[in-house]
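Peer 1: So you can see what is in the structure, the chains are spelled out below.
Number of protein chains: 2
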Amino acid sequence: MIDSHKRRGVMLVFCAPSGAGKTTITRQLLEKDDLISLSVSATTRAARPGEEEGVHYFFKSVDGFKHMIADDELLEWAEVFGNYYGTPRQPVEEALSAGRDVLFDIDWQGARQLREKGGDDVVSVFILPPSSAELERRLRDRGQDADDVIMKRMAKAGAEISHWEEFDYVLVNDNLEQCLASVEHIIGAERVKRERQMELNAFVKKLLTD
Amino acid sequence: MIDSHKRRGVMLVFCAPSGAGKTTITRQLLEKDDLISLSVSATTRAARPGEEEGVHYFFKSVDGFKHMIADDELLEWAEVFGNYYGTPRQPVEEALSAGRDVLFDIDWQGARQLREKGGDDVVSVFILPPSSAELERRLRDRGQDADDVIMKRMAKAGAEISHWEEFDYVLVNDNLEQCLASVEHIIGAERVKRERQMELNAFVKKLLTD
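Those sequence lines, one after another, are chains A and B. Numbering-wise (the UniProt record's numbering), the first sequence opens with residue 1 and increments by one. Numbering-wise (the UniProt record's numbering), the second sequence opens with residue 1 and increments by one.
Since the hints were derived computationally from the structure, they do not count as laboratory data. Treat the hints with care, as some may be off.
As the list claims (entries may be wrong) - In silico lysine-lysine, DSS-like type, Cα no more than 25 angstroms apart, as pairs:
(1) LYS205(B) to LYS152(A)
(2) LYS156(A) to LYS206(B)
(3) LYS193(A) to LYS206(A)
(4) LYS152(A) to LYS206(B)
(5) LYS193(B) to LYS22(A)
(6) LYS32(A) to LYS193(B)
(7) LYS22(B) to LYS6(A)
(8) LYS205(A) to LYS156(B)
(9) LYS205(B) to LYS156(A)
(10) LYS22(A) to LYS205(B)
(11) LYS193(A) to LYS193(B)
(12) LYS205(A) to LYS152(B)
(13) LYS205(B) to LYS193(B)
(14) LYS206(B) to LYS22(A)
(15) LYS206(A) to LYS22(B)
(16) LYS22(A) to LYS6(B)
(17) LYS206(A) to LYS152(B)
(18) LYS32(B) to LYS6(B)
(19) LYS117(B) to LYS193(A)
(20) LYS22(B) to LYS193(A)
(21) LYS32(B) to LYS193(A)
(22) LYS117(A) to LYS193(B)
(23) LYS206(A) to LYS156(B)
(24) LYS22(B) to LYS205(A)
(25) LYS22(A) to LYS152(A)
(26) LYS117(A) to LYS60(A)
(27) LYS206(B) to LYS193(B)
Full structure from sequences and hints, please.
Peer 2: The following block contains the structure:
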């Protein structure tokens, strides 16, 4: 039914503190839903062995990246440890126009920029851990890290969580299957929102005149 | 996951021309989802055999009904062939506060009144038939009706369809299973919208202070 009427894709933004389960959920979502693809970022950092241009990143010079910023060719961008990372506007716009959804792996700051540029195309979801004890457990499980490292991660998680109120939907991930089901509900619902179905006007006109 | 956090219910409004399949979809939805109940209307018409007060209708005198209008106790109301029909506010508010969703069987005019009174609690879905030919076929299948009766139904359907743009979601029912799935997506998504999860503030506060 969705496919029978051309629709504009959505920009899906999932944010969460590390340890909330975002990586697992997004991986499973991308495996299950062929209409969703992961956004490819532009970066000024050097390509690592095996990384392909246009697949893993669009590799840019610092000057090239700064020109993209100046020309408003980026939906969001940030500088991290001296390297620039950002989302080129054009490939995203092409995907949305073709009725494909684009998933973004960005933090709350990127999400905020994306909302400013993307408007109603942006659907944002915040994923929360079920408890701080569970969050700490998940962060510890990642390896034999020293307590101070864990504490730093907890602090970073807290900073991310503090922006939960900026998001359209909020999921508490105490059950992966239920959380993934909710994500699928959100996407399924956003796809049938009136304003995303670009050919409904023509369809209804035909319905009323035939 | 949804159940683990108290949420405010939603007012679900499905509108469609007769022949679009709304009755089948709502019946299957009510069978599948225990959290949704059908709104009980107040009416001034006489009870028919088997109709129970508070189950099928709240039966009111004309004076009683007019007092409910005057006291703003109705979320929407209309006069049909000399009888009054309307939706009492209190039982709906009690259901929403308890985290139960309420489904309304009303037309576009009722939906418009409901939006004015219900605000963000209202989630409205318009169901369209796949084509005017299919709509006519479905209307004819209902019995050996004369052409002029069919034509009257088609005209009434057209009048209802002309208000499709007032709705949040639009479904084209060319496949009942897909249409029902979309309805379930819509409800599942609306339930995890941030502003409907009333205890998230307390939950996040605990998450950040524990």
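Peer 1: Determine for every hint whether it applies to the structure shown.
Peer 2: Here is how each hint holds up against the structure:
| no. | hint | in the structure |
| --- | --- | --- |
| 1 | LYS205(B) to LYS152(A) | 19 angstroms, holds |
| 2 | LYS156(A) to LYS206(B) | 16 angstroms, holds |
| 3 | LYS193(A) to LYS206(A) | 20 angstroms, holds |
| 4 | LYS152(A) to LYS206(B) | 19 angstroms, holds |
| 5 | LYS193(B) to LYS22(A) | 18 angstroms, holds |
| 6 | LYS32(A) to LYS193(B) | 23 angstroms, holds |
| 7 | LYS22(B) to LYS6(A) | 23 angstroms, holds |
| 8 | LYS205(A) to LYS156(B) | 16 angstroms, holds |
| 9 | LYS205(B) to LYS156(A) | 16 angstroms, holds |
| 10 | LYS22(A) to LYS205(B) | 21 angstroms, holds |
| 11 | LYS193(A) to LYS193(B) | 15 angstroms, holds |
| 12 | LYS205(A) to LYS152(B) | 19 angstroms, holds |
| 13 | LYS205(B) to LYS193(B) | 18 angstroms, holds |
| 14 | LYS206(B) to LYS22(A) | 21 angstroms, holds |
| 15 | LYS206(A) to LYS22(B) | 21 angstroms, holds |
| 16 | LYS22(A) to LYS6(B) | 23 angstroms, holds |
| 17 | LYS206(A) to LYS152(B) | 19 angstroms, holds |
| 18 | LYS32(B) to LYS6(B) | 21 angstroms, holds |
| 19 | LYS117(B) to LYS193(A) | 22 angstroms, holds |
| 20 | LYS22(B) to LYS193(A) | 18 angstroms, holds |
| 21 | LYS32(B) to LYS193(A) | 23 angstroms, holds |
| 22 | LYS117(A) to LYS193(B) | 22 angstroms, holds |
| 23 | LYS206(A) to LYS156(B) | 16 angstroms, holds |
| 24 | LYS22(B) to LYS205(A) | 21 angstroms, holds |
| 25 | LYS22(A) to LYS152(A) | 19 angstroms, holds |
| 26 | LYS117(A) to LYS60(A) | 22 angstroms, holds |
| 27 | LYS206(B) to LYS193(B) | 20 angstroms, holds |
The structure agrees with every numbered hint stated previously.
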